[in-house]
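Protein chains in written order, with this note's numbering: chain A, 1 to 474; chain B, 1 to 474.
Rather than coming from a laboratory, the hints here were simulated on the basis of the structure. Mixed in with the good hints there might be a few duds.
Simulated pairs of lysine-lysine, BS3-like, Cα-Cα distance not exceeding 27 Å [to be verified]:
hint: 1; chain 1: A; residue 1: Lys-467; chain 2: B; residue 2: Lys-18
hint: 2; chain 1: A; residue 1: Lys-45; chain 2: A; residue 2: Lys-31
hint: 3; chain 1: A; residue 1: Lys-221; chain 2: A; residue 2: Lys-272
hint: 4; chain 1: A; residue 1: Lys-272; chain 2: A; residue 2: Lys-242
hint: 5; chain 1: B; residue 1: Lys-18; chain 2: B; residue 2: Lys-375
hint: 6; chain 1: B; residue 1: Lys-375; chain 2: A; residue 2: Lys-467
hint: 7; chain 1: B; residue 1: Lys-242; chain 2: B; residue 2: Lys-213
hint: 8; chain 1: B; residue 1: Lys-375; chain 2: B; residue 2: Lys-31
hint: 9; chain 1: B; residue 1: Lys-467; chain 2: A; residue 2: Lys-375
hint: 10; chain 1: B; residue 1: Lys-221; chain 2: B; residue 2: Lys-280
hint: 11; chain 1: B; residue 1: Lys-97; chain 2: B; residue 2: Lys-375
hint: 12; chain 1: B; residue 1: Lys-31; chain 2: A; residue 2: Lys-18
Protein chains: 2
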Amino acid sequence: MNVDIIITNAFVLTMEGKGVGMMEDGAVAIKDNLIEAVGRSEDIKQSYSAAEEIDATGKLVMPGLIDAHIHTGLAIVRGVSQDINNWMQEGNWPFMKHVSADHHQKGSMMNIIEGVKVGTTTFCDYDSHMNDIVPNYAKIGARARVAELINEIPADIGDIPVGELYPFHAEIGDRKLQNNIRLLEQWHGAENGRITCMLGPHGPDMMSRELLKEVQALAEKYDTNVHMHVAQGDREIEQMVKRYGKRSIPFLDEIGYLNERLLAVHLTEATKEETELVAKRGAAMINCSGSIGIIDGIVPPLHEFIEAGGSAALGSDQAPGNNCNNMFNEMKFAAILNKVKHTDPAMFPAHLALRLVTIDAAEAVGLGEEVGSLKAGKKADLLIVDLAEPSLSPVITSPIRNIVPNLVYSAKGSEVEAVMVDGQFIMRERRLQTVDETNELQAAQAAAREISQSAECTIHPESVLLKRMEAGEL
Amino acid sequence: MNVDIIITNAFVLTMEGKGVGMMEDGAVAIKDNLIEAVGRSEDIKQSYSAAEEIDATGKLVMPGLIDAHIHTGLAIVRGVSQDINNWMQEGNWPFMKHVSADHHQKGSMMNIIEGVKVGTTTFCDYDSHMNDIVPNYAKIGARARVAELINEIPADIGDIPVGELYPFHAEIGDRKLQNNIRLLEQWHGAENGRITCMLGPHGPDMMSRELLKEVQALAEKYDTNVHMHVAQGDREIEQMVKRYGKRSIPFLDEIGYLNERLLAVHLTEATKEETELVAKRGAAMINCSGSIGIIDGIVPPLHEFIEAGGSAALGSDQAPGNNCNNMFNEMKFAAILNKVKHTDPAMFPAHLALRLVTIDAAEAVGLGEEVGSLKAGKKADLLIVDLAEPSLSPVITSPIRNIVPNLVYSAKGSEVEAVMVDGQFIMRERRLQTVDETNELQAAQAAAREISQSAECTIHPESVLLKRMEAGEL
Numbered sequence: 001m002n003v004d005i006i007i008t009n010a011f012v013l014t015m016e017g018k019g020v021g022m023m024e025d026g027a028v029a030i031k032d033n034l035i036e037a038v039g040r041s042e043d044i045k046q047s048y049s050a051a052e053e054i055d056a057t058g059k060l061v062m063p064g065l066i067d068a069h070i071h072t073g074l075a076i077v078r079g080v081s082q083d084i085n086n087w088m089q090e091g092n093w094p095f096m097k098h099v100s101a102d103h104h105q106k107g108s109m110m111n112i113i114e115g116v117k118v119g120t121t122t123f124c125d126y127d128s129h130m131n132d133i134v135p136n137y138a139k140i141g142a143r144a145r146v147a148e149l150i151n152e153i154p155a156d157i158g159d160i161p162v163g164e165l166y167p168f169h170a171e172i173g174d175r176k177l178q179n180n181i182r183l184l185e186q187w188h189g190a191e192n193g194r195i196t197c198m199l200g201p202h203g204p205d206m207m208s209r210e211l212l213k214e215v216q217a218l219a220e221k222y223d224t225n226v227h228m229h230v231a232q233g234d235r236e237i238e239q240m241v242k243r244y245g246k247r248s249i250p251f252l253d254e255i256g257y258l259n260e261r262l263l264a265v266h267l268t269e270a271t272k273e274e275t276e277l278v279a280k281r282g283a284a285m286i287n288c289s290g291s292i293g294i295i296d297g298i299v300p301p302l303h304e305f306i307e308a309g310g311s312a313a314l315g316s317d318q319a320p321g322n323n324c325n326n327m328f329n330e331m332k333f334a335a336i337l338n339k340v341k342h343t344d345p346a347m348f349p350a351h352l353a354l355r356l357v358t359i360d361a362a363e364a365v366g367l368g369e370e371v372g373s374l375k376a377g378k379k380a381d382l383l384i385v386d387l388a389e390p391s392l393s394p395v396i397t398s399p400i401r402n403i404v405p406n407l408v409y410s411a412k413g414s415e416v417e418a419v420m421v422d423g424q425f426i427m428r429e430r431r432l433q434t435v436d437e438t439n440e441l442q443a444a445q446a447a448a449r450e451i452s453q454s455a456e457c458t459i460h461p462e463s464v465l466l467k468r469m470e471a472g473e474l
Numbered sequence: 001m002n003v004d005i006i007i008t009n010a011f012v013l014t015m016e017g018k019g020v021g022m023m024e025d026g027a028v029a030i031k032d033n034l035i036e037a038v039g040r041s042e043d044i045k046q047s048y049s050a051a052e053e054i055d056a057t058g059k060l061v062m063p064g065l066i067d068a069h070i071h072t073g074l075a076i077v078r079g080v081s082q083d084i085n086n087w088m089q090e091g092n093w094p095f096m097k098h099v100s101a102d103h104h105q106k107g108s109m110m111n112i113i114e115g116v117k118v119g120t121t122t123f124c125d126y127d128s129h130m131n132d133i134v135p136n137y138a139k140i141g142a143r144a145r146v147a148e149l150i151n152e153i154p155a156d157i158g159d160i161p162v163g164e165l166y167p168f169h170a171e172i173g174d175r176k177l178q179n180n181i182r183l184l185e186q187w188h189g190a191e192n193g194r195i196t197c198m199l200g201p202h203g204p205d206m207m208s209r210e211l212l213k214e215v216q217a218l219a220e221k222y223d224t225n226v227h228m229h230v231a232q233g234d235r236e237i238e239q240m241v242k243r244y245g246k247r248s249i250p251f252l253d254e255i256g257y258l259n260e261r262l263l264a265v266h267l268t269e270a271t272k273e274e275t276e277l278v279a280k281r282g283a284a285m286i287n288c289s290g291s292i293g294i295i296d297g298i299v300p301p302l303h304e305f306i307e308a309g310g311s312a313a314l315g316s317d318q319a320p321g322n323n324c325n326n327m328f329n330e331m332k333f334a335a336i337l338n339k340v341k342h343t344d345p346a347m348f349p350a351h352l353a354l355r356l357v358t359i360d361a362a363e364a365v366g367l368g369e370e371v372g373s374l375k376a377g378k379k380a381d382l383l384i385v386d387l388a389e390p391s392l393s394p395v396i397t398s399p400i401r402n403i404v405p406n407l408v409y410s411a412k413g414s415e416v417e418a419v420m421v422d423g424q425f426i427m428r429e430r431r432l433q434t435v436d437e438t439n440e441l442q443a444a445q446a447a448a449r450e451i452s453q454s455a456e457c458t459i460h461p462e463s464v465l466l467k468r469m470e471a472g473e474l
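Next up, chain A with everything else stripped away, as it sits in the complex:
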């Protein structure tokens, strides 16, 4: 049978079955945008003739990685807000208040390039200005499952003192809801199905109960997911208790929000009982280890959620919090932070971390039929990883195979040499094929310069970070 591409002589990490589905001397055949077959090299070579055969001796072929929670636009202010309390208001806000839709778009482009270069093929992007950002995915050729942030709070929310109840403005909520609907109408299923959309309520504390219900009805109508921050911080919990006399998760349960459509992001402040309730109701948990570790110094209850039978995935969150958007980083942090939280090195083994960015992630975000494993009929989203890089050397296959532990605990992401999405190589030999990286990064740099100049006038003279600048620590 004729196919477009066969990749042969590889270690193939299919992520099928209960473990990692490793196949030594494996091959993958790709036709159009689909995986035609996965099997032993010899069998695939006999059964298929291809326009291009790639000899992947000494390399690993694996599913593309899924970043289940990212705000790509915010990468434009990466690194201005670390090592402080009250990260959002103290650190980010002096910059964020000057970030325009155009800045978001440029930051997003830079951030998607960053992700693709370290093997991310699916981005669950959750941001304001998503209608401006989503063309980046069309251009780069990555898979995206996007949501427009919906809330009812004014743009100067960062200036509202901590402890004060947020004001809700119905017209703001309506405008943002309309933006999310426009996104769904224009992009849901676009680019040969590569781009799909979700609803994006910002958090249970940032909008009225009525608007939350309206969002849920739309998720039913469009048969898609609701992507939402849940129990993401003590400020959210305080707002909920002040407004409704209930913490976030009991409130959401009461209004019927905890169900299989919901991607509950963070759960940083969830109690054990609340965590188990979310799992029991069938909502997915999205865990952002790097970001919550840096911003809050907390390890969210991911282990507890999985133990309770929940469906989970990892996300890299925003660059000004986590600094990097690299799912290899997230695998490693999820595993190690859970080990130290429970003082148990046997906990959270490498294969679990790998599942949480591939097959388990695909199922959690509603793409389980399409991506997350290498299997005939699924979309051809895959990586070629060079196992001859020092960080992955030597390769040992017997009596213990060392590839999976090394992928999780040693790989930096730069070992990924080629990235295919929907049957097309969007990166080869570590260079993006669809955009000019240098031009895009320079555009982001110019945008950051504009924001920086505006922030000079508005940063508070008593800012902890300014003092750190003066002390020569930055």
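Got chain A; can you put chain B on it based on the hints?
For chain B alone, coordinates are given in the frame of chain A:
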């Protein structure tokens, strides 16, 4: 004045002063193996003429990184022993018992290449067979401060049941001590001072009090440091209590071991009082966050040690424990693990992590006069880092500079594009200049294959890891 090289138009992170000593539009002049001057680009260009001028616009020049604790030879069995309890005996030992001096040498070469590619210029290598390993440093051109492991326990120590007191054999101790002396005689100050040696007692539990004292006398004689595991695990503490009725640190204090010559590695099991005692006595603490997180699920008391006024440095430890040997990884883990240990995002700021792999590390390991910062008269050990990589973009300089947080929390190590040691570029355009990387990695791969074949016959059929293989998790 004529110099050999000037690097201009760079961000220069000098690591001088109390913070990071950042200089924008800076330059460095290098003559022979020394830094001749550091200053503003304009001034350096006016004052020096150089055989080679490197325009580092958009790049960062910073001191080479110091890995204060690494066992490079053991990298030959990277990744065979993760996610289990009793890591050493259950996971490593079935492989380690087949590792020869030749295998050590080849694993070491691979591991040093890995480190150099991510910016490590100084390796405090602590391993058996060091006399066989040290020529690798001569060949690659990296700086090394090495020690031969000294203990009095038989080679089949991995077979001794947990809980049983180790037997000591004086003839083993003597042979290993003589190896360390031979190392000192042949290599201390070799290669233009690039290679120096320390004494390497394996741990207070692995040798007699008499041999420990003999080692200490030799450290005085050679005027160098003692590099030793201290309070590295519960097994060590059990041995000490059983043998001497004392925990490691009180025992070492009693025999006068806690002083400025000592590099006390790990302190995993040290109590608060013990930690403070080590700091007070002037010994340095070497902290290996990644390794101890994976092997033990523990965050060692580094923050507490620094608070007590101690001098500290970071190390990457052995690849079969930590999997990777990358000081960018260690900076990030040290910062985030200490934040989550104390639930405090403001703790352990980025500049502290950076100091612990540069200037503070140099002082801790006894090289403070030579390396660790960029300053006229110090050895020219430096990195050129590409700030235009997506992970370090955009560069923001005002009102808050984002370079240091991004180096610590976002850089993978692959952003390092050139590495200079002792005035020579040993890596340029990300390729080693002194050895053929491909050949060296292939030699390590062949060695690993031999070990793997031997391990097939000796791995315990009830091994947890074998069961994980059977379950398809590896």
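Okay, the hints, checked on the actual structure:
no.: 1; hint: Lys-467/A <-> Lys-18/B; in the structure: holds, 14 Å
no.: 2; hint: Lys-45/A <-> Lys-31/A; in the structure: holds, 14 Å
no.: 3; hint: Lys-221/A <-> Lys-272/A; in the structure: violated, 33 Å
no.: 4; hint: Lys-272/A <-> Lys-242/A; in the structure: holds, 22 Å
no.: 5; hint: Lys-18/B <-> Lys-375/B; in the structure: holds, 14 Å
no.: 6; hint: Lys-375/B <-> Lys-467/A; in the structure: holds, 25 Å
no.: 7; hint: Lys-242/B <-> Lys-213/B; in the structure: holds, 20 Å
no.: 8; hint: Lys-375/B <-> Lys-31/B; in the structure: holds, 13 Å
no.: 9; hint: Lys-467/B <-> Lys-375/A; in the structure: holds, 25 Å
no.: 10; hint: Lys-221/B <-> Lys-280/B; in the structure: holds, 24 Å
no.: 11; hint: Lys-97/B <-> Lys-375/B; in the structure: violated, 45 Å
no.: 12; hint: Lys-31/B <-> Lys-18/A; in the structure: violated, 59 Å
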